[in-house]
Amino acid sequence: MLKISSLCEERMDIFLSDILKQSRSQVAKLIKENCIYINEKVENKSSKKIKQKDEISIFLPQIKEAKENYIPEFDIEILYEDDDVLVLNKAPNVVVHGASSVKEATLVDWLLHKGYALSNLNGEHRAGLVHRLDKGTSGAIIIAKNNQAHQFLANQLLDKSMGRFYLALSELPLKNDKMSNEKAIMRCPSNRLKKITTNTKNPLAKPAKTDFINLLSTKNCSLIAAKLYTGRTHQIRVHLADFNRYILGDELYGYKGKIKYNRVMLHAYLIYFIHPRTKELMFIKAPMFDDFYQILKENFTQGEIDEKTSLDYLKFCFGF
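In numbering that gives the first Met the number 0, the protein residues as written are 0 to 319.
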């Protein structure tokens, strides 16, 4: 069981969707199965308006033992581990969690195969996941080992005390050295694989904000850093496309370069968060993978790369 005290007044399904990092349809299923109590009374209406200081209890359904349909034939680098959290460096082209369309081993399969005890707030298919990365995106991803750590970390995503710095390779630099995009994001009506930005108050659109900074540039390649304030699907990619800038290999959003890549050249380079037990502010950096780093070395000197990708420089650029 998980207990949460409300700090605001809003619909119960919206509040729980943000807290649990699940879709409203997933939350609706919990409500329908009488898993949600408000002030010790079961509540089965998704539209219920919760009030400040209401105590919400979530009785998580029993997790069935996951069926291991796919045996991972890859390994994942562990960047940090203790009893509460695990930070991994996800390799490119590894799917984070399973779905009906996924016919391969996932990061969650790897975790279960290794015998990790994980939080179950997101169910067996997303065990331990506090956030996610696209298949082609590499880099730092944090895993919760228990429900208390999961809830603490999920709250940080809401209050922005957890953050991520990404590195992206593009053919062209940004028009200005520093740019920000705060347009809301929604699914593209004509292509369900794609997202678009919108200025309208469409109820299907979700608020999003990304800051961008030029780090390095030559006539053939540019290195751009991005800081996420929200975690929408494809957020960096769609926000960059708004500026007519496309990540190498990102053909979905407009990359048309002559060189073909087997993934989108986007890397979650650094994650920072407050540790759920020690309350220490932690910064963990995920080394770049060879395909990404090789492009950098072909276009920039080692000194330039080291300077512009240092933690101190990135923190300074983003006003941290």
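If you are wondering where the hints come from, they were derived from the structure by calculation, not from laboratory data.
Note that this is a predicted model, so its numbers are computed, not measured.
Treat the hints loosely; a few may be bogus.
30 Å max Cα-Cα, derived BS3-like pairs, lysine-lysine [stated by the list, open to error]:
hint, residue 1, residue 2
1, K174, K144
2, K200, K182
3, K144, K28
4, K113, K208
5, K182, K296
6, K255, K307
7, K314, K182
8, K52, K278
9, K218, K200
10, K113, K174
11, K259, K278
12, K47, K257
13, K174, K52
14, K218, K193
15, K174, K259
16, K159, K48
17, K218, K31
18, K174, K257
19, K102, K255
20, K218, K28
Each pair of labels, with its calculated beta carbon distance range [said to hold, decoys possible]:
hint, residue 1, residue 2, range
21, S179, N43, 14 to 22 Å
22, G256, Q25, 46 to 54 Å
23, S46, N175, 19 to 27 Å
24, K200, G302, 30 to 38 Å
25, A90, K259, 17 to 25 Å
26, D158, Y79, 45 to 53 Å
We treat Cβ as the ideally placed atom computed from N, Cα and C, and that holds for glycine.
Do the hints match the structure? See the list:
1. K174 - K144: The given pair, whose Cα atoms are some 42 Å apart, is violated under the 30 Å limit.
2. K200 - K182: This hinted pair holds, its Cα atoms lying about 11 Å apart.
3. K144 - K28: OK: K144 and K28 at ~24 Å, within 30 Å.
4. K113 - K208: Status violated; Cα separation ~36 Å.
5. K182 - K296: violated, 34 Å
6. K255 - K307: With a Cα-Cα distance of about 27 Å, the restraint between K255 and K307 holds, given a limit of 30 Å.
7. K314 - K182: The hint holds at about 24 Å.
8. K52 - K278: holds, 24 Å
9. K218 - K200: At roughly 39 Å apart (the allowed maximum being 30 Å), K200 and K218 break the hint.
10. K113 - K174: Distance of about 46 Å is beyond 30 Å: violated.
11. K259 - K278: violated, 44 Å
12. K47 - K257: violated, 54 Å
13. K174 - K52: Roughly 47 Å between the alpha carbons, so the hint for K174 and K52 is violated.
14. K218 - K193: holds, 29 Å
15. K174 - K259: holds, 25 Å
16. K159 - K48: Holds, because 25 Å separates the two Cα atoms, which is no more than 30 Å.
17. K218 - K31: Cα-Cα ~57 Å, so violated.
18. K174 - K257: Distance ~22 Å between K174 and K257 Cα, so the pair holds.
19. K102 - K255: Distance of about 28 Å is within 30 Å: holds.
20. K218 - K28: violated, 52 Å
21. S179 - N43: 14 to 22 Å: violated, 42 Å
22. G256 - Q25: 46 to 54 Å: violated, 38 Å
23. S46 - N175: 19 to 27 Å: violated, 44 Å
24. K200 - G302: 30 to 38 Å: violated, 48 Å
25. A90 - K259: 17 to 25 Å: holds, 19 Å
26. D158 - Y79: 45 to 53 Å: Violated, at about 22 Å.
Of the numbered hints listed earlier, those contradicted by the structure are 1, 4, 5, 9, 10, 11, 12, 13, 17, 20, 21, 22, 23, 24, 26.
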